[in-house]
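Novice: In the order they appear, the protein sequences are chains C and Z. Following my numbering, the numbering of the first sequence begins with -18 at its first residue and continues without gaps. Following my numbering, the numbering of the second sequence begins with 167 at its first residue and continues without gaps.
Treat the hints as calculated values from the structure; they're not laboratory data. For each residue, glycine too, the CB sits at the ideal point set by N, CA and C. Be a bit skeptical, because a hint or two may be false.
[Unchecked claim] A few chain Z residues that don't get close to chain C, going by computed Cβ distances all over 10 Å: (1) Leu214; (2) Asp215; (3) Gly218; (4) Arg231; (5) Ala249; (6) Glu283; (7) Tyr290; (8) Ala296; (9) Lys299; (10) Tyr306; (11) Arg316; (12) Trp337; (13) Thr397; (14) Gln408.
[What the hints assert, rightly or not] Facing chain C, from chain Z, some residues (calculated, C-beta under 10 Å): (15) Pro201; (16) Glu303; (17) Pro358; (18) Asp361.
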Amino acid sequence: MMIEIERLWQALNDVPDPELPVVSLVELGIVRDVQVTAGKIVVTITPTFSGCPAHYAMQDAICDRLRQVTDAAIEIMTTYSPPWSSDWITDTAREKLRAFGIAPAPRHGGNVMLLEAVTCPNCGSANTVLRNPFGPTPCRMIYTCNDCRQPFEAFKPL
Amino acid sequence: MTNELHNALADYLLALADDELILGHRDSEWCGHAPILEEDIAFANIALDEIGHAGVWYRLVADLRDERPETYPDQLIYFREMADYRSAPLVELPKGDWALTMLRQYLFDALESVRLERLAASAYPPLAEADAKIRTEELYHLRHTTAWVRRLGLGTEESRRRMQAALETLWPYALQMIEQPSAELVEAGYVPAEDDLRHAWEDMVIPHLQDSGLDVPHQTILPPFDRQRHTEHLSALLDEMQSVARLIPDARW
Chain C
-18 MMIEIERLWQ
-8 ALNDVPDPEL
2 PVVSLVELGI
12 VRDVQVTAGK
22 IVVTITPTFS
32 GCPAHYAMQD
42 AICDRLRQVT
52 DAAIEIMTTY
62 SPPWSSDWIT
72 DTAREKLRAF
82 GIAPAPRHGG
92 NVMLLEAVTC
102 PNCGSANTVL
112 RNPFGPTPCR
122 MIYTCNDCRQ
132 PFEAFKPL
Chain Z
167 MTNELHNALA
177 DYLLALADDE
187 LILGHRDSEW
197 CGHAPILEED
207 IAFANIALDE
217 IGHAGVWYRL
227 VADLRDERPE
237 TYPDQLIYFR
247 EMADYRSAPL
257 VELPKGDWAL
267 TMLRQYLFDA
277 LESVRLERLA
287 ASAYPPLAEA
297 DAKIRTEELY
307 HLRHTTAWVR
317 RLGLGTEESR
327 RRMQAALETL
337 WPYALQMIEQ
347 PSAELVEAGY
357 VPAEDDLRHA
367 WEDMVIPHLQ
377 DSGLDVPHQT
387 ILPPFDRQRH
397 TEHLSALLDE
407 MQSVARLIPD
417 ARW
């Protein structure tokens, strides 16, 4: 039976990030490629951070979802090249993150500026201050907004 | 690539990986114990990053040795004997106080940063690719530890005293970390030469330590260093790190 790549991508579109369930692994740019070779499905993914503890949970979630649409053998490959970039997060995913309370990383075009001003996802103010460049997951930092006085998390530019 | 070059590169990368793993484990010992909550979070993240970077290097070693990259790191980490580890004393030393932890992480991050800058141009493409993955992540470490060295060095009398003591302890071990790689690796353009790395590292750390109010020790004679020998501290660390995996080797989590 022919396996339609388009259908596989559609299924993968539903796989949420285990830590940020409002966005999918496809929207975050973690799923890099889907191929069908000799009846086997090969999905290539790339971790956001090398030490991302959710990396294996993501592989399981991808397999579980694909098994709902196909009986074919599934292989998940990990690649580090090109390295994942926060620039790959789609515009829709950025809006979803903001609505969820996480400031998306500014697009940097390859030149990561660590001091870039981050806009508060709650009130939209740019009057924010970095509290900790490390957060609850490797890909997040902790900020405070000086205007609405709320702490919030921001996606790390990478 | 000749077989000899292959093996030399695998050995070089194994040493890098083991240093990252052991330092990552040491950093993780602060989880739940760091002096302030923000630093507890920071060090848990730094630990995770270093262990992740070890994983990236282990995969390259697996490729060079024709092993399966997916199962290789677990085997190496949990079932390897101490004699086969290639970590350096700097990362094996117990975590000490907060000053020692911070200073060790800074000295290590600075070395990593100058090494990664050079490995980006490695003539071995998988190494240059892995480098690109790790380099941006490391920016966050170096920036964080650079600020903390200054903060503690110029902080209170007590924080300066502890930083100076940590520097006296760590300095010879840090100098030792900058090794001469095998000549064929340097000639092939795979890895940077020792003197290049040493100068870049010293140019980065010495002015910063001085600006942070610390006296850099005058150290000319280095203790003998052999990555096949280990400090007594590694033994206790591995006992703890490997105990659960060795209890039930076939367990699935």
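Novice: Evaluate each hint against the coordinates.
Specialist: Right, here's what the structure says about each hint:
1. A cut-off of 10 Å between C-beta atoms contradicts the statement that leucine 214(Z) is not in contact with chain C; the least separation is 4 Å.
2. Look at aspartate 215(Z): its CB is around 5 Å from the nearest CB on chain C, not clear of 10 Å, so calling it non-interface is violated.
3. Once the 10 Å rule is applied to beta carbons, glycine 218(Z) is inconsistent with being away from chain C; the minimum gap is 2 Å.
4. Here arginine 231(Z) stays apart from chain C, with its beta-carbon at least about 18 Å from theirs, past the 10 Å limit.
5. Every C-beta of chain C lies more than 10 Å from that of alanine 249(Z), the closest at about 27 Å, which supports listing it as non-interface.
6. Chain C leaves glutamate 283(Z) outside its interface by the beta-carbon criterion, the shortest separation being 14 Å against a cut-off of 10 Å.
7. Listed as a non-interface residue, tyrosine 290(Z) keeps its Cβ farther than 10 Å from every Cβ of chain C; the least gap is roughly 13 Å.
8. For alanine 296(Z), the non-interface assignment is contradicted: its Cβ lies about 6 Å from the closest Cβ of chain C, within the 10 Å cut-off.
9. A Cβ of chain C approaches the Cβ of lysine 299(Z) within 10 Å, the least distance being about 4 Å, so the stated non-interface status is violated.
10. Taking the minimum C-beta to C-beta distance to chain C, about 5 Å, the non-interface status of tyrosine 306(Z) is violated against the 10 Å cut.
11. The Cβ of arginine 316(Z) lies farther than 10 Å from every Cβ of chain C, with a closest approach of about 16 Å, so its non-interface assignment holds.
12. With a closest Cβ-Cβ approach of about 27 Å to chain C, tryptophan 337(Z) is found to remain outside the 10 Å limit, as its non-interface label requires.
13. No beta-carbon of chain C comes within 10 Å of the beta-carbon of threonine 397(Z); the shortest separation is about 25 Å.
14. The beta carbon of glutamine 408(Z) sits about 19 Å from the closest Cβ of chain C, which is more than 10 Å, so the claim that it is off the interface holds.
15. Proximity of proline 201(Z) to chain C is violated relative to the hint, the smallest CB-CB distance being about 14 Å (cut-off 10 Å).
16. Checking glutamate 303(Z) against chain C by beta carbon gives a least distance of about 6 Å; that is within 10 Å, so the hint holds.
17. Interface hint at proline 358(Z): violated, since its Cβ lies 21 Å from the closest Cβ of chain C, which is beyond the 10 Å cut-off.
18. Here the hint on aspartate 361(Z) is broken, as its CB sits about 29 Å from the closest CB of chain C, past 10 Å.
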